[in-house]
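First to last, the sequence lines map onto chains A and B.
Per the numbering used here, the very first residue in the first sequence carries number 1; after that it's consecutive.
Per the numbering used here, the very first residue in the second sequence carries number 1; after that it's consecutive.
By construction, these hints were calculated from the structure, which means they are not laboratory data.
Hints are not guaranteed to be accurate.
Going by beta-carbon spacing under 8 Å, a handful of chain A positions derived as facing chain B [what the hints assert, rightly or not]:
| # | residue |
| --- | --- |
| 1 | T28 |
| 2 | T36 |
| 3 | L40 |
| 4 | R71 |
| 5 | R111 |
| 6 | E186 |
What follows is a list of derived Cβ distance ranges for each label pair [as the list claims (entries may be wrong)]:
| # | chain 1 | residue 1 | chain 2 | residue 2 | range |
| --- | --- | --- | --- | --- | --- |
| 7 | A | L43 | B | N110 | 31 to 37 Å |
| 8 | A | R13 | B | G217 | 48 to 54 Å |
| 9 | A | Q42 | B | G217 | 34 to 40 Å |
| 10 | B | R200 | A | R117 | 52 to 58 Å |
| 11 | B | T220 | A | L43 | 51 to 57 Å |
| 12 | A | L34 | B | S108 | 38 to 44 Å |
| 13 | B | R134 | A | A190 | 20 to 26 Å |
| 14 | B | R134 | A | I130 | 43 to 49 Å |
| 15 | B | G30 | A | L40 | 49 to 55 Å |
| 16 | B | G138 | A | Q42 | 53 to 59 Å |
| 17 | A | A242 | B | R113 | 33 to 39 Å |
| 18 | B | R113 | A | L40 | 24 to 30 Å |
| 19 | B | G30 | A | G20 | 34 to 40 Å |
| 20 | B | G138 | A | Q217 | 55 to 61 Å |
Rough simulated footprint, nothing fancy, chain A against chain B, three-plus residues with beta-carbon under 8 Å [claimed, not checked]:
| # | segment |
| --- | --- |
| 21 | 85-91 |
| 22 | 175-182 |
| 23 | 202-209 |
Glycine included, C-beta positions come from ideal geometry on N, C-alpha and C.
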Amino acid sequence: MTAATITQTVSDRPQRSALGWAVADTKTIAWRNLVTLRRLPQLLVFATVQPVIFVLMFRYVFGGAIHVSGRIPYVDYLMPGVFAQTVAFGAIQTGVGLAEDLNKGLIERFRSLPMARSAVLAGRTLADLIRNVFVIALMLAVGYLVGFRVQTNALGLVAGMAVMLLFGFSLTWIFAIIGLSVSNAETAQAASFPILAPLVFASSAFVPVNSMPGWLQAFAKNQPVSVAIDAVRSLVLGGQYASTEKVLASLAWSIGIIAVFAPVAVRRYRRAA
Amino acid sequence: MEHAITVEKLKKTYGAVVALDGVDFAVPTGTVLGLLGPNGAGKTTAVRILTTILTRDSGRAEVLGIDVGSHPQDVRERIGLAGQYAAVDENLTGHENLRMVGLLSHLSPNTIRARSDELLERFDLAEAADRPARTYSGGMRRRLDLAAALVHRPQVLFLDEPTTGLDPQGRTGLWRVIEELVADGTTVLLTTQYLEEADRLADNIVVIDHGHVIAEGTATQLKARLGATIVEVELADPACAERARTVLAPLGTSEVQSDGRSVELKANDGARVAIDVVRALDHEGLEPVKLGLREPTLDDVFLELTGHGAEESESEDAPALGRGRRARGAA
Numbered sequence: 001m002t003a004a005t006i007t008q009t010v011s012d013r014p015q016r017s018a019l020g021w022a023v024a025d026t027k028t029i030a031w032r033n034l035v036t037l038r039r040l041p042q043l044l045v046f047a048t049v050q051p052v053i054f055v056l057m058f059r060y061v062f063g064g065a066i067h068v069s070g071r072i073p074y075v076d077y078l079m080p081g082v083f084a085q086t087v088a089f090g091a092i093q094t095g096v097g098l099a100e101d102l103n104k105g106l107i108e109r110f111r112s113l114p115m116a117r118s119a120v121l122a123g124r125t126l127a128d129l130i131r132n133v134f135v136i137a138l139m140l141a142v143g144y145l146v147g148f149r150v151q152t153n154a155l156g157l158v159a160g161m162a163v164m165l166l167f168g169f170s171l172t173w174i175f176a177i178i179g180l181s182v183s184n185a186e187t188a189q190a191a192s193f194p195i196l197a198p199l200v201f202a203s204s205a206f207v208p209v210n211s212m213p214g215w216l217q218a219f220a221k222n223q224p225v226s227v228a229i230d231a232v233r234s235l236v237l238g239g240q241y242a243s244t245e246k247v248l249a250s251l252a253w254s255i256g257i258i259a260v261f262a263p264v265a266v267r268r269y270r271r272a273a
Numbered sequence: 001m002e003h004a005i006t007v008e009k010l011k012k013t014y015g016a017v018v019a020l021d022g023v024d025f026a027v028p029t030g031t032v033l034g035l036l037g038p039n040g041a042g043k044t045t046a047v048r049i050l051t052t053i054l055t056r057d058s059g060r061a062e063v064l065g066i067d068v069g070s071h072p073q074d075v076r077e078r079i080g081l082a083g084q085y086a087a088v089d090e091n092l093t094g095h096e097n098l099r100m101v102g103l104l105s106h107l108s109p110n111t112i113r114a115r116s117d118e119l120l121e122r123f124d125l126a127e128a129a130d131r132p133a134r135t136y137s138g139g140m141r142r143r144l145d146l147a148a149a150l151v152h153r154p155q156v157l158f159l160d161e162p163t164t165g166l167d168p169q170g171r172t173g174l175w176r177v178i179e180e181l182v183a184d185g186t187t188v189l190l191t192t193q194y195l196e197e198a199d200r201l202a203d204n205i206v207v208i209d210h211g212h213v214i215a216e217g218t219a220t221q222l223k224a225r226l227g228a229t230i231v232e233v234e235l236a237d238p239a240c241a242e243r244a245r246t247v248l249a250p251l252g253t254s255e256v257q258s259d260g261r262s263v264e265l266k267a268n269d270g271a272r273v274a275i276d277v278v279r280a281l282d283h284e285g286l287e288p289v290k291l292g293l294r295e296p297t298l299d300d301v302f303l304e305l306t307g308h309g310a311e312e313s314e315s316e317d318a319p320a321l322g323r324g325r326r327a328r329g330a331a
């Protein structure tokens, strides 16, 4: 066989560059994952059940006993924490979905197709990013119903949500690795919760960090979930919460997480089958 | 091209477990090869290497003359794979599943539309085409899976236990579809645990066990090695069984079974031998408790060739990378 016959392709394949195909394949995989969301909209509703319960509980049950600094109602302090809780626990779904695809043999099929190797993960995380846009919009609406108000302006709100979405996107890469490393969806779910729980609850999400014991404060103040929440507070509440430093720190965390974990996830994907 | 698939001295190990230990076989273009073997024999490993999912340790593996290791994308454009697990997206409709695979195979949207309509029609899925695959029966999912493997008109098709878990109706339905594909000139590599399936579909059969090829030939040749018919005679006690064995020995290979009271006779002579068996036993005054005649099964072939049965599981069954799904079927 000569090189000419090797490179001869089936006649009706459109010609595109390798990058062009990678983008097209990523779109196809994202489309496939979003069809699921459209067909099972209850997945979106389920994703908001836990955060809605937290909103109601903290807004009406515990909130009165929690004192936050500044002249803002507790609900304004609370909602950025709830957004973080929502995207963080939502990121588990990335791993669950990948574990399901592996288990059902879909990943095996993808690996036998002439598609871009990067597209399965890129398409999945892109779809989960889009899902997060809907979930955050839903939680914003819930927040407004219970009295949450943006103290800065529309631009601050958009920037704050963008910071939160980027943070959620970075987390999906961590959970992609877990999904590719365990045997099924249930295990992916079970393995993810213990990682997230301390990050979400030992944070500034629901109570001010300075109410915690000293040894915990150092962790709670600087860990990425708190930093992301503080960045969103800076952008939507402003005033004494304003802190360019926190916004930049959160962007750095998100980009850093992607830079470290995305290559690991891709390597795991290449080996998993 | 003479051979659509060429495998020479193919080796693959998972850690300490040797899955393939120097396997050789070739599939002439336009024919069907049945790859038979018990669980853990290395069948699925061979398919995964040839479909570029796994990389080999050493040896030659070519599809349509293209090396699977050095030009995997060129191989992927020309092959189709339908596995044991009906790899369809349950939340996508039949149409959408084929569209997804078509897009990922880099076909033009027009081609994909025409081709998926044709395949859904052909596989009797046209009515269910716009329903999510979640609502499909096992047989329908398997047909959709096969359709997905065919969207880009592969020249070589890999079928990994395509009918495992299907009911007899679903199985014969799928066999007909595969026969049509072969009639169109597709080269097929089929792994199976059912001799009946290999018998019906395969031009040639390769039996592997513990990563080695232990036999090859046509179904007829393999069965001839066993004797075409098996007569099972059960007697009242072990003493009678031993006498019966001696009496039947001139008719073929006769063996007392592990229960001590049954004798199994393998003979080439078909049903005719049953008359001789009855006569010989009667002549000796031996009265069988049970007398039966059967065709050899894959298990008989395995037993003869390997000394153990097809379904028998072995500790190294699942080089399985720890996945639950694999533990059931890694081979």
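Do the hints match the structure? See the list:
| no. | hint | result |
| --- | --- | --- |
| 1 | T28 | 4 Å, holds |
| 2 | T36 | 4 Å, holds |
| 3 | L40 | 7 Å, holds |
| 4 | R71 | 48 Å, violated |
| 5 | R111 | 5 Å, holds |
| 6 | E186 | 10 Å, violated |
| 7 | A:L43 x B:N110: 31 to 37 Å | 33 Å, holds |
| 8 | A:R13 x B:G217: 48 to 54 Å | 39 Å, violated |
| 9 | A:Q42 x B:G217: 34 to 40 Å | 56 Å, violated |
| 10 | B:R200 x A:R117: 52 to 58 Å | 37 Å, violated |
| 11 | B:T220 x A:L43: 51 to 57 Å | 54 Å, holds |
| 12 | A:L34 x B:S108: 38 to 44 Å | 22 Å, violated |
| 13 | B:R134 x A:A190: 20 to 26 Å | 24 Å, holds |
| 14 | B:R134 x A:I130: 43 to 49 Å | 22 Å, violated |
| 15 | B:G30 x A:L40: 49 to 55 Å | 44 Å, violated |
| 16 | B:G138 x A:Q42: 53 to 59 Å | 26 Å, violated |
| 17 | A:A242 x B:R113: 33 to 39 Å | 54 Å, violated |
| 18 | B:R113 x A:L40: 24 to 30 Å | 26 Å, holds |
| 19 | B:G30 x A:G20: 34 to 40 Å | 35 Å, holds |
| 20 | B:G138 x A:Q217: 55 to 61 Å | 57 Å, holds |
| 21 | 85-91 | holds (count 7) |
| 22 | 175-182 | violated (count 0) |
| 23 | 202-209 | violated (count 0) |
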